[in-house]
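Protein chains in written order, with our numbering: chain A, 5 to 298; chain B, 5 to 298; chain C, 5 to 298; chain D, 5 to 298.
In case anyone wonders, no lab produced these hints; they're calculated from the structure. Worth double-checking, as some hints may not be accurate.
Heads up, the list lumps identical chains together, so a pair's fine if it works in one copy or across two of them.
Unchecked claim - Simulated crosslink set (BS3-like; lysine-lysine; CA at most 30 Å straight-line):
| id | residue 1 | residue 2 |
| --- | --- | --- |
| 1 | 278 | 152 |
| 2 | 294 | 278 |
| 3 | 117 | 239 |
| 4 | 244 | 14 |
| 5 | 117 | 278 |
There are 4 protein chains.
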Amino acid sequence: MNDTFRPISKGAEEWLGHSVSVLDHGFIYLVDYMGDDLAIEEAARVSYGPGNKRVADSTGLIRYLMRHSHTSPFEMVELKFHVKMPIFVARQWVRHRTASMNEISGRYSVLPKEFYIPEDNDIALQSETNNQGRGANASCTGKRTAKKYFVTDPESAFKHYDRLVNDLDIAKELGRIILPLSTYTEFYWKIDLHNLMHFLHLRMDSHAQFEIREYADIIAGIVEDGWPMAYSAFKDYVVKSERFSAEELRVLGVLMDDGSVEDITGLAAIIAEKSDLSSREISEFVDKVKRIIQ
Amino acid sequence: MNDTFRPISKGAEEWLGHSVSVLDHGFIYLVDYMGDDLAIEEAARVSYGPGNKRVADSTGLIRYLMRHSHTSPFEMVELKFHVKMPIFVARQWVRHRTASMNEISGRYSVLPKEFYIPEDNDIALQSETNNQGRGANASCTGKRTAKKYFVTDPESAFKHYDRLVNDLDIAKELGRIILPLSTYTEFYWKIDLHNLMHFLHLRMDSHAQFEIREYADIIAGIVEDGWPMAYSAFKDYVVKSERFSAEELRVLGVLMDDGSVEDITGLAAIIAEKSDLSSREISEFVDKVKRIIQ
Amino acid sequence: MNDTFRPISKGAEEWLGHSVSVLDHGFIYLVDYMGDDLAIEEAARVSYGPGNKRVADSTGLIRYLMRHSHTSPFEMVELKFHVKMPIFVARQWVRHRTASMNEISGRYSVLPKEFYIPEDNDIALQSETNNQGRGANASCTGKRTAKKYFVTDPESAFKHYDRLVNDLDIAKELGRIILPLSTYTEFYWKIDLHNLMHFLHLRMDSHAQFEIREYADIIAGIVEDGWPMAYSAFKDYVVKSERFSAEELRVLGVLMDDGSVEDITGLAAIIAEKSDLSSREISEFVDKVKRIIQ
Amino acid sequence: MNDTFRPISKGAEEWLGHSVSVLDHGFIYLVDYMGDDLAIEEAARVSYGPGNKRVADSTGLIRYLMRHSHTSPFEMVELKFHVKMPIFVARQWVRHRTASMNEISGRYSVLPKEFYIPEDNDIALQSETNNQGRGANASCTGKRTAKKYFVTDPESAFKHYDRLVNDLDIAKELGRIILPLSTYTEFYWKIDLHNLMHFLHLRMDSHAQFEIREYADIIAGIVEDGWPMAYSAFKDYVVKSERFSAEELRVLGVLMDDGSVEDITGLAAIIAEKSDLSSREISEFVDKVKRIIQ
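Please model the complete structure; the sequences and the hints are all you need to start from.
Below, the structure written as structure tokens:
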């Protein structure tokens with residue numbers, strides 16, 4: 005325990021000092037953070053100047069900032085994590101460029117024999133609707149075969165890797181090239197809250213790969229505890245919001261006007277008639293309308 | 005005083021909670037920070053992995069990182085400032101894009117009547133050698149006239165601004181356009197240590213404008229106190245270092261070989277003879293050689 | 005006219021080689037560009053791989069990317085401008101950090117005597133609803149007084165600046181500090197299409213300051229001509245779209261269910277009754293509902 | 005062939021439209037570019053203003069910009085590549101964050117059976133001095149064993165991958181996790197010249213992994229052809245330059261003063277005596293001094 009003159013976030017403090025397991029060998033560890041909900045407010049108030057406190061309370065102000073995409077005050081909070089994950093997850097992770105990272109190097113170090121083996125329940129067929137994701141459960145044969153390869157191929161690769169780098173002293177940077185994408189890697193990762201929420205928005209989404217969602221969900225829990233006002237506004241105005249295009253707004257007006265909006269089952273056909281939207285656009289539109297007319 | 009599980013920097017803690025005056029109305033205030041010297045080391049050690057502690061101690065590792073421009077571990081430390089400065093300084097400041105900022109808005113707020121008046125000693129003639137800077141001291145007439153304008157023009161502009169926005173209720177975003185570049189502005193500014201040191205390198209330089217150097221020098225003092233290992237390496241390997249081009253290395257070898265390097269006064273002529281360097285390049289080269297042969 | 009193997013955008017070519025006037029002394033000049041609408045599609049198709057052309061045509065694909073905020077293919081197009089604008093506009097402009105810039109330096113050059121004088125019609129009172137903008141037309145006295153100051157204060161400042169830097173040889177970096185924020189500056193500005201559209205979204209908005217909107221509108225015209233598919237998708241899915249929060253979607257459902265949505269005048273009161281939204285949130289919500297029920 | 009009003013780089017045009025092979029299945033393909041050497045100069049001249057042409061010619065100006073790390077004009081040139089490389093190379097590549105990228109997705113597409121097999125000559129032992137790189141040639145056994153694993157492990161993994169995703173219809177995002185790091189991937193990559201030269205500086209370096217150097221060297225050739233002035237300045241002032249720290253400059257002066265600099269073999273011992281430099285620092289220092297005293 006240290007004394008500090010800095011502001012603290014009680015919720016974030018509780019996540020410090022211990023890691024949370026993810027998948028079979030991964031973890032998330034909150035290493036450090038800077039600023040709490042009030043730090044967001046404080047930075048925003050600088051913009052408005054001393055004489056402008058029309059938006060009186062912190063929650064209201066933070067909701068206002070989120071609603072209007074005034075993102076810079078959210079950049080004033082920073083989080084630093086130590087994370088461990090399979091390489092195929094790491095490759096999705098690093099697409100988020102506005103972050104700092106120090107990753108373990110397979111050129112310097114012999115990588116430990118740790119690789120991801122999906123649980124039976126997570127082995128699924130290619131989705132028929134979402135051409136980048138998983139759909140129905142695999143057959144028993146499918147699951148059994150996949151599981152076998154997920155275990156034996158990496159086992160064999162790590163045995164050969166060990167022989168190359170340990171017995172034959174082949175350069176580590178070369179030996180590792182036979183290791184599978186399921187191999188675990190780890191890194192320090194520092195990011196500001198605005199960019200972290202953007203990461204969460206994309207990676208908590210149902211279209212994100214299951215394995216990275218497992219990480220995103222835990223990080224979301226940390227943000228919710230440490231920055232409850234920001235997280236609540238984020239959930240309401242971003243995660244669970246829907247954007248309607250100009251054309252969708254127009255068509256929605258027509259549908260409401262003539263009452264056809266209430267016939268959910270016939271909606272797609274009616275929209276096709278009343279707009280130039282493509283069938284894919286219509287299907288996404290109908291999903292959004294359903295969120296209104298439950 | 006708060007309790008935290010986060011690492012603290014004792015040196016940085018002492019700068020929290022009070023501001024330092026700069027110029028006539030400006031200030032620098034360290035609002036928050038994240039990480040200490042060890043946080044830099046810790047992130048770097050992740051890259052090298054558990055089995056590679058060849059560089060044994062923290063100072064040695066941090067010097068190594070700086071020497072080889074391994075910049076990402078320095079990004080793991082973050083500082084947040086509240087700063088107040090004249091607008092012409094702020095316009096140089098914001099060129100450093102890898103930072104977060106929330107500035108007071110002259111569209112929302114009536115700007116307080118505060119503008120920068122240079123001290124007599126800082127009023128100088130255009131430099132004859134450095135075509136972007138100050139040179140010899142101005143004459144008494146020069147100083148007196150400049151001082152008069154520095155005071156009376158902003159006085160008058162602020163009087164008119166006050167009349168426009170307060171008496172006539174003209175939109176603040178319009179009224180402010182007559183205010184001078186010497187008007188003070190303020191903002192929150194958050195930046196990581198790597199990018200802050202790059203800022204310091206450019207803005208502590210003798211070619212930077214005097215007024216922004218005043219700010220950079222104070223921030224350098226904060227960094228030196230809070231992150232002494234990083235700052236010391238930065239000073240040695242960046243601020244006070246010299247880079248010699250391929251051609252300069254070659255010519256330096258020739259000069260040393262035939263002993264002509266010792267004749268500082270004749271150096272430029274000799275270099276002109278033994279290389280294709282332009283006169284400007286030669287003059288910069290000679291300055292660097294003088295750093296060796298004092 | 006040059007021969008090139010690069011793709012060209014016919015619409016963009018027509019903007020090259022001549023500048024467009026903005027405000028009284030400003031301009032926008034398209035200096036160079038890279039890529040056309042197909043360059044966006046081409047980059048996106050790399051992601052999907054050779055065997056995945058489910059989204060058949062270019063327009064459909066570009067609309068899909070925009071709708072789902074798949075922003076990286078839009079980064080594949082680049083535009084470079086030469087722009088000239090008053091300093092108070094430039095200060096808003098540079099907040100967009102993901103761009104490259106080379107601005108004229110008042111430390112090197114004597115700045116020409118050019119400053120922005122708003123037209124009578126653009127001189128307005130502080131808005132009562134939008135506390136960062138303009139509202140009703142100013143009175144004749146207001147306009148006359150403002151106009152006088154907009155002209156005479158800069159006139160005087162430039163006369164004094166001329167005396168300082170030309171007659172008395174005071175350093176240019178010092179002399180300029182009395183110049184007003186209405187002084188014109190100019191710079192080269194390079195930005196990718198994704199970030200440019202983000203700029204346009206914020207700066208074409210009715211809450212942006214009139215003067216920067218004048219620039220944004222012209223740039224929007226260039227984008228529309230040069231990248232018509234991207235621009236059309238941007239207009240539909242971003243500029244003219246509306247985002248509804250989770251709570252707004254719920255309340256909208258309730259309003260539609262009991263038919264109260266049709267009573268526009270009573271809507272705010274009904275929403276206040278059926279939700280915990282603040283009065284400001286309600287007012288923004290009602291504006292969005294009006295877009296549906298015209 | 006297209007007509008354009010844009011400036012062209014003759015050297016760059018010649019690289020358009022055909023790809024260059026790298027390693028066994030990789031390639032580099034220049035897709036598009038924006039700006040030539042003069043575009044760098046032109047942007048820089050905006051900063052200096054119309055009345056400041058003290059640096060008369062383009063070469064001199066570009067050398068000046070490079071020497072003084074005035075990097076923003078180099079950002080005004082942009083290059084776009086299509087590149088194909090093994091995943092372990094791609095993972096080093098994406099560390100360069102200031103770039104735009106669209107990579108083939110193994111979630112959408114079945115990845116083609118292509119993986120990197122190092123040539124015999126490139127299979128080497130772990131270096132004893134550079135703990136991240138390759139050293140002496142491997143023994144025949146070493147080479148043979150390594151080669152066997154480099155071929156058979158990926159062969160087996162791809163066979164299993166094919167069975168999973170093609171025969172059993174297991175989700176592609178899952179099936180791919182057994183593929184090795186030697187698997188080829190490809191992406192579009194857009195970057196400005198300043199950031200590209202930074203990439204080249206790090207990746208052409210003798211400490212970079214051989215495989216990424218193969219790519220960097222080819223890109224360097226493209227830059228040299230397309231932007232000869234910038235490349236030449238980059239080579240002289242960055243790639244082949246040496247930076248001497250404050251302490252190294254001091255010690256170098258001492259060595260020159262007493263003539264001990266000429267005894268290369270005894271240099272390390274003398275430096276150890278006359279400074280506090282660590283043995284690693286001394287060894288790097290001696291290497292730099294050797295560049296002067298050949």
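Each hint tested on the structure:
no.: 1; hint: 278 - 152; result: neither (52 Å within a copy, 56 Å between copies)
no.: 2; hint: 294 - 278; result: both (18 Å within a copy, 20 Å between copies)
no.: 3; hint: 117 - 239; result: neither (38 Å within a copy, 42 Å between copies)
no.: 4; hint: 244 - 14; result: within (26 Å within a copy, 41 Å between copies)
no.: 5; hint: 117 - 278; result: neither (59 Å within a copy, 47 Å between copies)
The structure shown violates the earlier hints numbered 1, 3, 5.
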